[in-house]
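Colleague: One line per chain: the protein sequences are A and B, in this order. According to this note's numbering, the first sequence is numbered sequentially starting from -9. According to this note's numbering, the second sequence is numbered sequentially starting from 448.
Everything labelled a hint here was simulated from the structure, so no lab data went into it. Using N, Cα and C, we set each Cβ at its ideal position, and we do this for glycine too. Just to be clear, a hint being listed does not mean it is correct.
[What the hints assert, rightly or not] Pair ranges (Cβ atoms, derived):
#1 A:L10 <-> B:E569: 39 to 49 Å
#2 A:R58 <-> B:Y607: 30 to 40 Å
#3 A:Q3 <-> B:M757: 49 to 59 Å
#4 A:S13 <-> B:I493: 37 to 47 Å
[Stated by the list, open to error] Residues of chain A placed beyond 12 Å of chain B at every Cβ, according to the derived structure:
#5 A(-6)
#6 E0
#7 T12
#8 R54
#9 S56
#10 M83
#11 E101
#12 R104
#13 G147
#14 S161
#15 Q181
#16 T186
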Amino acid sequence: MRSAEQKRGEHLQRRTKRILATSLFAILWIATVASGLRTLFHYENTPGRVGALPRAWPATQIERSSDRPTLIMLAHPHCPCTRASVGELAQIMARLQGRVSAYVLFVKPKETGRDWDGTDLVRSAEAIPGVKVLLDPDGVEARRFGAETSGHTVLFGADGRLLFSGGITASRGHAGDNAGESAITALVNNQTPAQTEALVFGCALANRGETGPTALCLK
Amino acid sequence: MFEVSLGASGVNYSVERANELFEQHRQEIYRATDRLFARLMFFQWIAGILIAFLVAPLTWEGQSSQVHLHIWGAIFLGGAISIFPIWLTRISPGATINRYVIAVAQTLMSALLIALTGGRIETHFHVFGSLVILSFYRDWRVLIPATVVVALDHFLRGIYWPYSVYGVLTASPLRSLEHAGWVIFEDVFLVISCLRSIREMRSIATRTAALEASEQGFRQIFEDAPIGMAVVGLDESFNQVNTTLCQMVGYTESELMQCTTVDITFEDDIPQGKQNAEELLTGGPRSSVERRYIRKDGEVLWITRTACLMRDVDGHPRNFLIMVEDISERKQAEKALCESKRELEAAHHANQLIMDNSQDVICSVDEWGRFISVSAACEQLWGYTPAELVGRPYVELVCPEDRALTNQVAEVLRMDGKISDFVNRYTRKDGTLVDVLWSASWSEADKIMFCVAHDVTDRARIEKELREAKEEADRANHAKSEFLSRMSHELRTPLNAILGFGQLLERQNPTEAQRTRVNHIINAGRHLLNLINEVLDISRVETGNLQLSLEPVCVTEALEEALSLMRPLAAERGIELLTPAPLEPADYVMADRQRLQQVLLNLLTNAVKYTPVAGKVTVSSSTIGSGPIRIMVSDTGAGIPSEKLARLFTPFDRLGAEQSDVEGTGLGLALCQRLIHAMHGTIGVDSAVGSGSRFWVELARAESPFERVALEKHNGAYSQNGSEVCSRTILYVEDNLSNLTLIEQMLSDQSHIKLITAMQGKLGIELARRHSPDLILLDLHLPDLAGWEVLSRLQIQEATREIPVVIISADATSRQIKRLMAAGASAYLTKPLDMQEFFRVINETLAPRLAA
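Isolated chain A (complex conformation) (with noise of 0.2 Å):
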């Protein structure tokens, strides 16, 4: 028979255990989810790369709109980042209520077929008002443009001048109001924006063998 004592003495033993294991395990819980949330957050708010912009309306097929800016966003078909863009798209169009001309370019490299455009990203920007979605075969308009990364946004005036480039999300994939939403509406409404650029956050419009260092976004 154990003594009073010695089971007294046992249980304390199991608390002390219990604890140590409590605190031990309390303790790799918070380095585990804070190094963890740190990944998460850090690549969330990563931007893309960015390439050379024009700073005139380029040389392209698009044709730009002579009364009013045009807005154009080169976007991946397949980026799931760049559905936040699309959003915020949507609000900026509904914002401005056609006082600007929008298109969307999907770039479509050469080898690929019909599935790579045919992504519920692609039909969400055909479904906003006054944004002519077009498919930017092997990305030849980005690079025009400047872009390479998912969601590049850039506004030109009716004069053709450069007004605004950057993404119009906060950060990757990431709805809600953000720095380029707001320089754009400004812009388009004649008002002088806090910046005229904004990071972009998104996939890659093209490999990083096609594009160089500087094409890749960020993962």
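Assemble chain B onto chain A, guided by the hints.
Modeller: Chain B alone, transformed into the frame defined by chain A:
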């Protein structure tokens, strides 16, 4: 509001129990909410993975793609966030740390989901939802870490990833306030909700504790009830039983719970039980019925079963509550009562028969004297029927002259409880009087007089006649005795002259012829004198005038004295007087010494006279144990025929001896018989013709005066503690019993004086010699010796010479006084005694001896 039970201990118990219940409830909530969050965490983890797969399964680089970081984040980060709180809830559900870890983890899960859904505004509701779910803990402090995590998330993101929070580099202060406001807004109401829940939980706990206490009380009553109690289902099965019921029916609780009431009910009583149950179910009132149960050992048990219906809150019948009381003893008592009642009725019937057939009136009367019941014989006694008498006071029937006495006797009856042989007169219905003899007893408990009455009219008349006849005879007898007494006295006077002158003539030298004539005159005179004396003695006995002095008399002395007197006569007639064995000197009888001597002489004279020449007369005495002493005188005479024995003690009946030459008056034995009876003894004779006769006298044994004095001396010489006390002994020699009693009473309060008495002079001398008293009181007129002679003998003997002698005598002549003082008396007191003088003389006489 719940009211605590009375008493300090009751209050403490309820509060403690309420706190205990509250803590239990709270712990249950904590554990349940822990489990809820554990499941929620797991669900959120899986949901996050699915969302990641749906929203951003791949990340693209041109045409090439790879798994999106959200997928890995959802799997690993979501898992990491969930695993710790799930583990905690597994190992210690309800622990305090769990709630805070879960609060943090849940908020982190919100952040993860918001990230996985691309910051959709809808996903932000997860934060508010999480706060609400956290409030399930009803612990407002849990909201603090959740709110802190939300704040830290915004703060840290604002620092490190400012765009991720508000989308702009410089966040608007108003937006921050708005975000914080909504969270705090919700927190405030959730805190209020938590506090209200806590109050409600406390209230519930308090009510539950009170309910438990109340239920405990009822359970205690149920368990400790002195009657059997049970909760029975509608199907008659036992749901709950108390100990008393189990003991009553002999089953254990578990056994009884397997039974139904039908199982233990006596078969004949089952239908009634079912009917009672149906009546209750149909709204009948509470029923209480007597029935029989069968104990486990098979014994039949009589019980009273009271049942009522228990309903639920909706009023639907739920159970029966039955209360069972063991009435077996009562049933047995009732049975015994019935038996007793039946026996009583039978006895009453028998009594009535006895009363109705009794020749005596048997009746009972209440405390107010009214007849309660009367036997049929009353009609014969009083002329009234029982119906006419019942309720009527019996006094009304009593003859008016006897009513006062009757009422007095009735009072005596009530005090003593019983009377018998009371006779009073009643007036019959026809007006005639009837004498009634009553025996009655009074019952104080019932206040009833039980009487038996008997018609004694004839008996009373006869008794009255007999009484009158006896009184007449007594008067005649008394007159006869008086006549004899007077006549004897009148005869003595001339007889005195006849005997006197006859003796004078005898002394004057008469001639032989004259001497013969003179002897005839003297003998005839003496015979006549004896006859007169005996007649006088009988007369005195019968008239009650004979004075006897009963005292212890030595049988040996009395017999020797009588024998010495009879020897000359016996020798003259050639009769041998014998005493076959030495007489026992210690035998004393209570008798008058002179009269005993007279009886013995009479018997011896008869024996000598009626025994032929050369015959034998034997005198003896015998005792039987401590009983009376028998003195026997036997002769060898002709004997007495048995038919004549009855006349032997009849006066003047000589049984034919008057025809013989034996002289006699026929009064001797009659006188002996009366004298012996006067001395409380018996006298008788055994005789057979040809064998002689044996006369015997039996007298009560008396204690020897010597032994009594010795015993008194021994007892009186020592006090109770054994020390010798100053004690003086006085010997009083006096033949008069009244005088003896007087002196005894005069000295009775003198505790230091012991009185010895003697009624004869010789006995007095012997007592003086043996006991050497300190003082002798001496009467001068003693039956055996004169007082002066006693004094003289005392003076002669050395042992008694120094003992002072005080003479007490009625003779107050100076000559007598001088004579006795000269003879050696210490003092002379005359009768009647002067008490003061008596004690003075006593004290003065004893003083020198005391000093010595």
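Colleague: It remains to establish, for every hint, whether it holds in the given structure.
Modeller: Do the hints match the structure? See the list:
no., hint, result
1, A:L10 <-> B:E569: 39 to 49 Å, "holds (42 Å)"
2, A:R58 <-> B:Y607: 30 to 40 Å, "holds (39 Å)"
3, A:Q3 <-> B:M757: 49 to 59 Å, "holds (53 Å)"
4, A:S13 <-> B:I493: 37 to 47 Å, "violated (28 Å)"
5, A(-6), "holds (23 Å)"
6, E0, "holds (17 Å)"
7, T12, "violated (7 Å)"
8, R54, "holds (27 Å)"
9, S56, "holds (32 Å)"
10, M83, "holds (18 Å)"
11, E101, "violated (8 Å)"
12, R104, "holds (15 Å)"
13, G147, "holds (24 Å)"
14, S161, "violated (4 Å)"
15, Q181, "holds (16 Å)"
16, T186, "holds (14 Å)"
The structure does not agree with the numbered hints 4, 7, 11 and 14 stated previously, though it agrees with the rest.
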